[in-house]
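**Q** Single-letter residue listing:
2 protein chains.
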Amino acid sequence: MTMSLEKCIRDIPDFPKPGILFRDITTLLNDKDAFREAVDSLCAMLKDVQIDCIVAAESRGFIFAGALAYQLRCGFAPIRKPGKLPYKTYRHTYELEYGEDALEIHQDAFPAGSKILVLDDLLATGGTTGAMISLVRKLKGEIAAVAFLIELTALNGRKKIEEYPVYSLIKY
Amino acid sequence: MTMSLEKCIRDIPDFPKPGILFRDITTLLNDKDAFREAVDSLCAMLKDVQIDCIVAAESRGFIFAGALAYQLRCGFAPIRKPGKLPYKTYRHTYELEYGEDALEIHQDAFPAGSKILVLDDLLATGGTTGAMISLVRKLKGEIAAVAFLIELTALNGRKKIEEYPVYSLIKY
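Protein chains in written order, with numbering that gives the first Met the number 0: chain A, 0 to 171; chain B, 0 to 171.
FYI, nobody ran anything at the bench for these hints, they're computed from the structure.
You may find that some hints are simply not true.
No copy is singled out in the list; a pair is fine if it fits within one copy or between any two copies.
[To be verified] Listed next, the in silico PhoX-like pairs over lysine-lysine satisfying Cα-Cα at most 20 Å (straight line):
(1) Lys-87 x Lys-16
(2) Lys-46 x Lys-6
(3) Lys-46 x Lys-31
(4) Lys-16 x Lys-83
(5) Lys-16 x Lys-159
(6) Lys-31 x Lys-114
(7) Lys-83 x Lys-31
(8) Lys-137 x Lys-159
(9) Lys-31 x Lys-80
Note that the structure is predicted; figures quoted are calculated from it, not measured.
Build out the structure end to end from the sequences listed, making use of the hints.
**A** In structure tokens form, the structure reads like this:
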């Protein structure tokens, strides 16, 4: 089933910088059947996980989060770049290859003890995922699962989050 | 029906700058019943519109676009800030109150003649919506409808797009 989905992902060499092979999901999103199959497959993979709320980071993470929150009948708490969320936030700063980045979540995004699905389109080195998990824990959320459309297995991002149940639909 | 949705939207005074009353939809997204009702109501509003593909701009526009593309069984073409889309793009530059901004779409986002739903969470002055429409027209898409979760009627954004069918769920 996921074989056909892989065919809908476009490889872009040297994006965003030389030496990186970018997995472009826009060709999958453009294709109504592929998008539907991707959402259905993610939901099927997570069918035994109890979820109160999905968290996902802007921007690409929001696409599947919207579809899955609807299908799984749970809430959605956006994680955004600093200054974008209008209410009181918690911020998590994390290291990048060069410099650092930060993400924020609303302090009232979900009640303590909520069962949270951390969702992203892609697991690479796990930096963004780690930041999302830190923010969920700051709000005392219980991480029910961490799920990805795509996992770049060679980058070992899964090692950073192996204490949680990790799901990915397409592995490279 | 939309009365209950309005109660789920939080007003934040003076965000992002003094004098602006920001309509914060994160409280609606956090609430699984409100989010579901918002998606269902948008779909019901658009039930007689034939749509091949939804276009929406990052980041907040992606949330409802994901849910609606799934529910309406159509594709989704993301519109992003310059440099974010990895393949060949068209760019539209537009004026802001101070300075200018730009948005991009992939040149192969949808075939010419496709029936397009332009979707956003909020219609204010219509600047972003106008840019999205320009990009759709550049790809020779046919604009089937323009839809919003929220319309700030006092800002008259609808006037800029009145040649198209415009739908909004919550009006202030």
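**Q** The structure should be examined with respect to each hint, and the outcome stated for every one.
**A** So, going through the hints one by one against the coordinates:
1. Proximity of Lys-87 and Lys-16 under a CA criterion of 20 Å is satisfied inter-copy only: 15 Å between copies versus 35 Å inside one chain copy.
2. When the C-alpha separation of Lys-46 and Lys-6 is checked against a cutoff of 20 Å, the pair qualifies neither within a copy, at 25 Å, nor between copies, at 31 Å.
3. For a Cα distance limit of 20 Å, the shortest separation of Lys-46 from Lys-31 across copies, 17 Å, qualifies, whereas the shortest one inside one copy, 22 Å, does not.
4. For a Cα distance limit of 20 Å, the shortest separation of Lys-16 from Lys-83 across copies, 12 Å, qualifies, whereas the shortest one inside one copy, 26 Å, does not.
5. In the homo-oligomer, the alpha carbons of Lys-16 and Lys-159 never lie at most 20 Å apart, since the shortest distance is 24 Å inside one protomer and 39 Å across protomers.
6. In this homomeric assembly, Lys-31 and Lys-114 come within 20 Å of each other (Cα to Cα) only across copies, at 13 Å, whereas the closest approach inside a single copy is 30 Å.
7. For the identical chains of this complex, Lys-83 and Lys-31 are neighbours neither inside a copy (30 Å) nor across copies (22 Å), given an alpha-carbon limit of 20 Å.
8. Taking the shortest Cα distances, Lys-137 and Lys-159 sit within 20 Å of each other inside one copy (18 Å), while across copies they are farther apart (44 Å).
9. For the identical chains of this complex, Lys-31 and Lys-80 are neighbours neither inside a copy (29 Å) nor across copies (23 Å), given an alpha-carbon limit of 20 Å.
Checked against the numbered hints given earlier, the structure breaks hints 2, 5, 7, 9 and satisfies all the rest.
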